[in-house]
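Letter by letter, the chains look like this.
Number of protein chains: 4
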Amino acid sequence: MKEGKVHRLEPQIYYYTFGPNEPALTVRSGDVVVAPTRDARGFNEKMAPMPEAMKQRNADTVLCERNPQVGPIYVEGAEPGDILAVTIQQIKLNRDYAWSRHISNFGSLTGEAPGKQLFLNDPIPEAKFDWQLDLKKNTGILKLKSSRQKRIEIPLHPFLGTIGVAPRFGRIEVSLTPGEYGGNMDCIETKEDTVIYLPVWVRGAYFSFGDVHAAQGDGELCGVALETTAEVTVKLDVMKGKSIDWPRLEDETHIMTTGSGQPLMDCVRIATVEMVKWLQSDYDFEKWEAFQVISQVGTMRIGNVVDPGFTVVAKFPKRYLPK
Amino acid sequence: MKEGKVHRLEPQIYYYTFGPNEPALTVRSGDVVVAPTRDARGFNEKMAPMPEAMKQRNADTVLCERNPQVGPIYVEGAEPGDILAVTIQQIKLNRDYAWSRHISNFGSLTGEAPGKQLFLNDPIPEAKFDWQLDLKKNTGILKLKSSRQKRIEIPLHPFLGTIGVAPRFGRIEVSLTPGEYGGNMDCIETKEDTVIYLPVWVRGAYFSFGDVHAAQGDGELCGVALETTAEVTVKLDVMKGKSIDWPRLEDETHIMTTGSGQPLMDCVRIATVEMVKWLQSDYDFEKWEAFQVISQVGTMRIGNVVDPGFTVVAKFPKRYLPK
Amino acid sequence: MKEGKVHRLEPQIYYYTFGPNEPALTVRSGDVVVAPTRDARGFNEKMAPMPEAMKQRNADTVLCERNPQVGPIYVEGAEPGDILAVTIQQIKLNRDYAWSRHISNFGSLTGEAPGKQLFLNDPIPEAKFDWQLDLKKNTGILKLKSSRQKRIEIPLHPFLGTIGVAPRFGRIEVSLTPGEYGGNMDCIETKEDTVIYLPVWVRGAYFSFGDVHAAQGDGELCGVALETTAEVTVKLDVMKGKSIDWPRLEDETHIMTTGSGQPLMDCVRIATVEMVKWLQSDYDFEKWEAFQVISQVGTMRIGNVVDPGFTVVAKFPKRYLPK
Amino acid sequence: MKEGKVHRLEPQIYYYTFGPNEPALTVRSGDVVVAPTRDARGFNEKMAPMPEAMKQRNADTVLCERNPQVGPIYVEGAEPGDILAVTIQQIKLNRDYAWSRHISNFGSLTGEAPGKQLFLNDPIPEAKFDWQLDLKKNTGILKLKSSRQKRIEIPLHPFLGTIGVAPRFGRIEVSLTPGEYGGNMDCIETKEDTVIYLPVWVRGAYFSFGDVHAAQGDGELCGVALETTAEVTVKLDVMKGKSIDWPRLEDETHIMTTGSGQPLMDCVRIATVEMVKWLQSDYDFEKWEAFQVISQVGTMRIGNVVDPGFTVVAKFPKRYLPK
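Residue numbers (the numbering used here), protein chains in the order written: chain A, 1398 to 1720; chain B, 1398 to 1720; chain C, 1398 to 1720; chain D, 1398 to 1720.
Isolated chain A (complex conformation) (with noise of 0.2 Å):
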């Protein structure tokens, strides 16, 4: 697809929600964006807070401070129908620090219910974790109490926990939420030059990321990663004749297919049905044939088990598919 324009974005607000906000840019298909990300809480690479003007402001409604999103970008010439198709050109960190917490009636193991009490014993403890971020050797450290193992150093892989579009309908006024339009899908698979399709709802598609993760586990178990900030380089194209109805991916081996939902088995499910219908659709596998090969080789993240909707990510292979 042809370059376009690169946009500078400097956002002035920040979203909670995903939809048809009043857009920060309008862009043209083929058009790349470059913009500052803050951080789950609002911080910014330096660490400071959210400036209040710098924040969403409904007239009527109240807010869920999370998950700050920049954009939206309106994107000329996507129609209901269409393809937003979005390459993730960079994710380039640029604070030497991230925050991970335990957060009581929040994480994999509270109930399927985010943030509700559901048991009569007592929730977990909160508690705050300070990572630093070695950007030259692009690694975290952790130190630990432990008398055997003092500190931790992992390899980062930074990713958008969010990407997404506006709703088929309204607004999803927690950005938290993932689902057939993206949002806090938190897979990892969202990574420097996966091209990531989102199904078109709304006219000029409203597309919108943030919730930069420098590195995350299967499942983001206790609810939250190595939160943090980034500038970030997409490009945006329209595709048109193509209708889809779940995000899809797709990176130098793999196709990818996502569900999104509760409970995590429904996940599990509508990724196999798209993997399917896509294979079907796109590669003339016959239908069961198709099902057959999946089995025997697609693989399967769990991207989520700690929001409103859970994400599950199916893989296949794409040596398998036909030149």
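Careful: at least some of the hints might be erroneous.
Treat identical chains as interchangeable: a pair holds within one or across any two.
[Stated by the list, open to error] Subject to a maximum C-alpha distance of 25 Å in a straight line, what follows is the list of computed BS3-like cross-link-like pairs (lysine-lysine): (1) Lys-1639 with Lys-1534; (2) Lys-1715 with Lys-1542; (3) Lys-1632 with Lys-1715; (4) Lys-1452 with Lys-1715; (5) Lys-1547 with Lys-1715; (6) Lys-1684 with Lys-1588.
Rather than coming from a laboratory, the hints here were simulated on the basis of the structure.
Fit chains B, C and D to the given chain A structure using the hints.
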């Protein structure tokens, strides 16, 4: 509570979202509101479809035109942290007809993600069912194809499928959804003479209701009840100095708590924990004794297992409460 | 069905498994069996513990000493593919005491895998509750610590927590488990005057029962009901020429189907599909009309959400069946 | 651990249950066993069906003739509370053919209750797939109907679908089931050079294995992998003085925990809690730091979502363990 003014509300607009939309009416605590509802697809008591001019219009977002709501009603003095007590004084059916449907990829036999294609086999066939309502006898009649059973006649027990307030954050953009704000719980307990206690999240509460069902089984298994219309009378009282996290109900014999979400088991848990909390806070039960007694005398009803969140109602007999 | 011989059974051994164990008794179709049960921990009507000599012993396997069963009873003429119809003629409580407990890592508020440590926070505290049974008034009394409520007195409704046959394959090695063979369904519907229809998988059926509960709420939420003992009278009839896949029940007002397993939603589905099948096969309902009518007049009870499989009972009112 | 005697085992009987069945062999800690497996339907390396005389026979119970097991192997000195460490030294495929199938009412797209009719729509069509195995190239080949993709050739990664010991109570009567004893976990990690640590519940451990898969995707989505046969070499070591609750694994790069059951989310939880416990007990991590570190560097694989229990494997990289 004192009886206030009686307001006759003739909606000019029916809303498809729960939230702080432009109020149709402003009332005081203690006031009574009388209003006609439209059915889940917008038909009125004469089966006339919803005029375009009466549909909620959003400037920038697409709406799901299901479950049109009467309201919202702004209740003066209702502040975040209060309770809005709604007494359902009357649900007067005003149409001799109700429809039900079977919808592909919707209902209890399609997976827990409503409207999603979770499976590879063919979906269930669409079908429509015409129920005649005998408003004098208070029965519903369905003609059948069976050789042995030519018709079935069932007693009606009208209730509000949706009843709720503005949610904690933003809007609930699809009024098919139940949650902490009430909404589309599809519980047969929201019937005449029940009081529902709703948590107030937003100043004014923004109360709304609709989706009258003439009858329904537990779980609303096929996804659609006897969908019809009524003239509904509710009394609205603001209760100060007490907060709740989820809707609660009370009728002549029971106090009731609700839990909505997915999976179904978490609804059971939320409603149970809420009941323990209620018995502790208002009736001085010791926590674990409350759990023990609920375990032995509590009942549960599955409100719905078909909406974007399921709903369970836990019931505790009032005769076991201290005087 | 004809009334056969009445057998008084004084168990020499109580079994902890469902399966083709050495029969305690052989009967003919139509015969009646009267026998005393022991409670879930093996205590008898005098609170004497189970003598070692009366415990099931396996040569080579370890047993879970819970839910001791009366039986198995070998029913002559019962062949795989038949139905064993069991009429519960009497459950005569014979002890003025029942206990209940709270058990760490057991019950509805611990995750769906009974007895497993699913969470990192501390489990709920163990507790024991002593219920006095007034067998004349048919009530249970629990003393409470609350300042306002010193005691609670509840009506008793005794039922069999476990009732079942040998399973399709092998043995069910832990009689805490419900399934296609019945077993520990913990449904209050297996009470006096109910008929339970059990699928026969193994020649002779190997019927057994036990675990009398004096009372219990829906779901058996804390995991333990009012555990006690009774003298139980059942009539056993073999029905030829008809097969079922899951236990069904019938009382004066309802036909009922059961579904057991996990997650809870699949129990709902199994019971619903079984009811559709029943209305089709025995009452000539058209399949989708059956689903529609069940959706409007069917009720559901959650039997248990605490055992190694959960149980849901779907109920259809007999007045809507063809004559 | 010291290398003991090498036993060549030619099974006279293949078992369909996990438990203290008549041992095929008795070994000492440190011994090695070499034996041929049969495939999930009992075919041997020449596709000869299981002779009746080689099938497990029970005097009184019916067996599910799937997943025939080599063993059980009685390990001298293995006592309840010990660990049996099994090193999978070799899985040498010995047949140039593997089959897979699609089975109605089985697999990930049928509901979570394997083999049950949970829905009213038609089940998926039965189908059989013939995979040719090129044992020199270590690949599997499937011919396809697609116009663009005539065949697919995939690398083989043979592993043991079933591997386990006698369970805590009685027998596991259907060897399609995974659990605390291991069993049919269908995890690709039980491959050459992996050590699996199994909890010993019964004196002698009664170790068995079988169900070799030549390849499989995550989740075994259609319910059936590349079913074939192999000559398998395992080394058995008893570890004293340490107990575990669930199977654990270790290979060159990771320590791994497993959780099996339903729903899928509880498998995630069990495996996570087990990993926290492991890092605490053996590597002196503080509890909540362990949870934090797992959340950031742990991975997860979905072993199966099709068996009577699902299985999840949690993996922790060994490079983050103290030396």
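How the hints compare with the structure:
1. In this homomeric assembly, Lys-1639 and Lys-1534 never come within 25 Å of each other (Cα to Cα): the closest approach is 42 Å inside a single copy and 39 Å across copies.
2. Proximity of Lys-1715 to Lys-1542 under the C-alpha cut-off of 25 Å is restricted to the inter-copy arrangement: shortest distance 19 Å between copies versus 44 Å within a copy.
3. With identical chains, the CA atoms of Lys-1632 and Lys-1715 are at most 25 Å apart within one copy only, with a shortest distance of 22 Å there and 38 Å across copies.
4. In this assembly of identical chains, Lys-1452 and Lys-1715 lie within 25 Å of each other by CA distance neither inside one copy nor across copies; the values are 42 Å within and 43 Å between.
5. In this assembly of identical chains, the alpha carbons of Lys-1547 and Lys-1715 lie at most 25 Å apart only when taken from different copies (16 Å versus 42 Å within one copy).
6. Proximity of Lys-1684 and Lys-1588 under a CA criterion of 25 Å is satisfied in neither setting, with 30 Å inside one chain copy and 31 Å between copies.
Violated hints for the displayed structure, listed by number in ascending order: 1, 4, 6.
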